[in-house]
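For the record, the sequence lines run as chains V and L.
Residues in the first sequence are numbered consecutively from 1, following the numbering used here.
Residues in the second sequence are numbered consecutively from 1, following the numbering used here.
Treat the hints with care, as some may be off.
Put simply, identical chains are the same to the list, so a pair is met inside one copy or across any two.
[To be verified] Computed cross-link-like contacts, DSSO-like style, restricted to lysine-lysine with a CA-CA straight-line distance of at most 27 Å:
1. K346 / K407
2. K409 / K346
3. K409 / K267
4. K346 / K5
5. K346 / K267
It should be emphasised that the hints constitute simulated quantities derived from the structure, not laboratory data.
There are 2 protein chains.
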Amino acid sequence: MEELKQLLQSDDDAAIVAFCESYRPYDLAEAAEQLSSSEQLRLVRILPTVNAAEMLEYFEPLLQYRILNRLEREMRVQLLSGMASDVVADMMLAIHRYQADQLLDILPEDYRRTVQKLMTYPEDTAGSLATADYIAAQSSWTIERTLRHIRKVGRAAEITSYVYVIDTKGELIGAVSLRQIILAEPNARLSELLSGEVISVPALMEQEEVAVLLSRYDLVALPVIDDHNRLVGVISVDDLIDVIHEEATEDIQKLGGSQPLTDTYFKSSIFQLYRKRIVWLLILFVAEAYTGTVLRHYEDTLSEVISLAFFIPLLIGTGGNTGTQTVSMLVRALAIGEVQFRDIFKVIRREVATGLMTGASISIIAYARAWMLGVEPNIGLVVGITAMTIVIWASFVGAILPLVLHKLKADPAVVSGPFITTLVDGTGLIIYFTIAKIILHLS
Amino acid sequence: MEELKQLLQSDDDAAIVAFCESYRPYDLAEAAEQLSSSEQLRLVRILPTVNAAEMLEYFEPLLQYRILNRLEREMRVQLLSGMASDVVADMMLAIHRYQADQLLDILPEDYRRTVQKLMTYPEDTAGSLATADYIAAQSSWTIERTLRHIRKVGRAAEITSYVYVIDTKGELIGAVSLRQIILAEPNARLSELLSGEVISVPALMEQEEVAVLLSRYDLVALPVIDDHNRLVGVISVDDLIDVIHEEATEDIQKLGGSQPLTDTYFKSSIFQLYRKRIVWLLILFVAEAYTGTVLRHYEDTLSEVISLAFFIPLLIGTGGNTGTQTVSMLVRALAIGEVQFRDIFKVIRREVATGLMTGASISIIAYARAWMLGVEPNIGLVVGITAMTIVIWASFVGAILPLVLHKLKADPAVVSGPFITTLVDGTGLIIYFTIAKIILHLS
């Protein structure tokens, strides 16, 4: 990094290029992000187009645009043509419409149409992840002709392990791997190599679903088709890995009771951290405030037997813990498609049965704890029974809510740990005081 | 599924094979898992070896073994040879050593050595994920010779987009894509196609690290080398997607306060669910019991101003929520390598600053809530100041603990939502009563 900065002070372009070529595009991009914008510009200008384009692909869309915008028209066209079409489309969507139109205008007709088509797919859909830089071939072609075609267009392609086979109407009818092509006879036709149905996804499929399919069938690339079964692009597995990471990060942040960050942790400002967290904190605070009402309602009971207060945090805390365990497990199982709404009774049975066992274990310890604190035995009984009841209750609510939300097409991760904890706190107190009043014969 | 069961009742082998071939291996395996073991055996016997082997690869190791064990020796050898070497190695490790030795004995010498080598790598390392079914070639070979080699061994390979180039000592010196091979002149040498250093990982690297590398550099396959830089296998990106999914699932379960399940949700028995959950529930229960001691210590204060009890769940709940938000975000950022221990002061600064802002917002609402409950103004003041203090405290503890655990090579996800909630509950009460005593001038 420091070395690169120093080299850029010099006039030795050859040394700079040699230095950059010894780096992988990702690492080079990371180093270049730290440079001043005039240094970045210089680097892009002197690097060979293919290297500069590769480095640019790793930049944030707005940085890509800032650099491109300051280059001459000719160079801009070359770099944009060298970048992957899906990356270019993402950049166009990130900048102002007017700026995007200006950039699109200078692109070659064909490429412009491709990028414009990719820009039409909503974020987080299969279409938005797809690249148009794949190799397509007609089913009637021979292997020899296909090889000639690959030699002509293959250098620019991003998806390189497969050739996608289309018919004369442009409809996708299969995929043939380069291995199959190498193994086949030169005069065989592509149509003869096709076996079985090709797995493809509609352009508007949600990216989570795409990820499930891709990992289920162990694919490295997945073609995307439009309503008319025409090939619009191909998703590469490495783009999907980013999606899988992002989705897991979002789910973890949501389960932790925040709205998910739009950026990575360090790229988010403190104000953004505040904004993403305060929403749920306030909602939950207001909901939790209900516990005050419950406690005031039982004020007389509490005054009469003050030692009941000792166990409040313990009992509602345990309920919250149980609920958090249950919802985390189920929200994840829903996300990876293992659990569905139709399993609801099975899930309830499993969770309540588990809650019965954990509740029984906890209630014994709870009774022992009450005895240790030296309160009267009846209160120990109240605490033990309440512990068991709250654990089962939390398991039950924690089992139902995520599944119901999923059914309602809402995000089950809304039922975060803090959410279920808050819910169980108020209801848990009612359970506690109801049991206390019955066993201790209070009015 | 039902159709398959019915077909298996008949003697029409051809119809069964045709039916099975219309399914993808994963789907076929899922259907076959529901069959009786004699039906499974029949299916494996009549399917072409390649299809049967592909289906077997998706089964659980113990099921693979049960089926193989009941087949004739010749068929067993064929199926084992047809299965991916890493899958075979995993199965061998899952069964009893004596059984594994018996199976290994019948394998061809070469293949046995390969599998035995793969079996030496500990679970969750790069070596354990690698397959030996890749294509390797000498750097001195011409493209023509390489193509002949691919035609000879390529059909059996699992990793098919790259040819791994080794020198005469077996050391890995590069990788050449099939695309490059197709684009190159027939009499060019592989050594001429190599550009830059190839990315490889040592066999003992942890799988999480492998996942980070693979997604950072957008690779579809990653060669694995031993201490002497010799190629021992190649990891395919689809195997790594499973790893990424598993790691995220484990982290979510841990953050939810459970030990992670070893199996998927529905494959885990209720007793397993109980075992994985009760450990932390009990630990946290015992830790939370400390709140009882704290409250008993403040019994006189509480009797004097009973309305202080109204706000206990609200205040400690908010502390727990804040802590959960912070740790979820940081544990995830640590897992994907975005945050490291050396960032600790930066993280503390960010979290405390955020805590200050959320705390200030919450304290206003807390004061309002106290006013609404009709307690005396001074208590409102206590509640407001406590809310702010607890939120900042929870942010601070939630920022430090995961980073310190990570530094100590412990799993930061141990600091789950329930863990931090429990920690903040006890300390939060001390903060509450200390502030109360000062402001209300209690003894």
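Item to check | Violating hint indices (sorted, rising) | outcome: Violated hints: none at all, because every hint is consistent with the structure.
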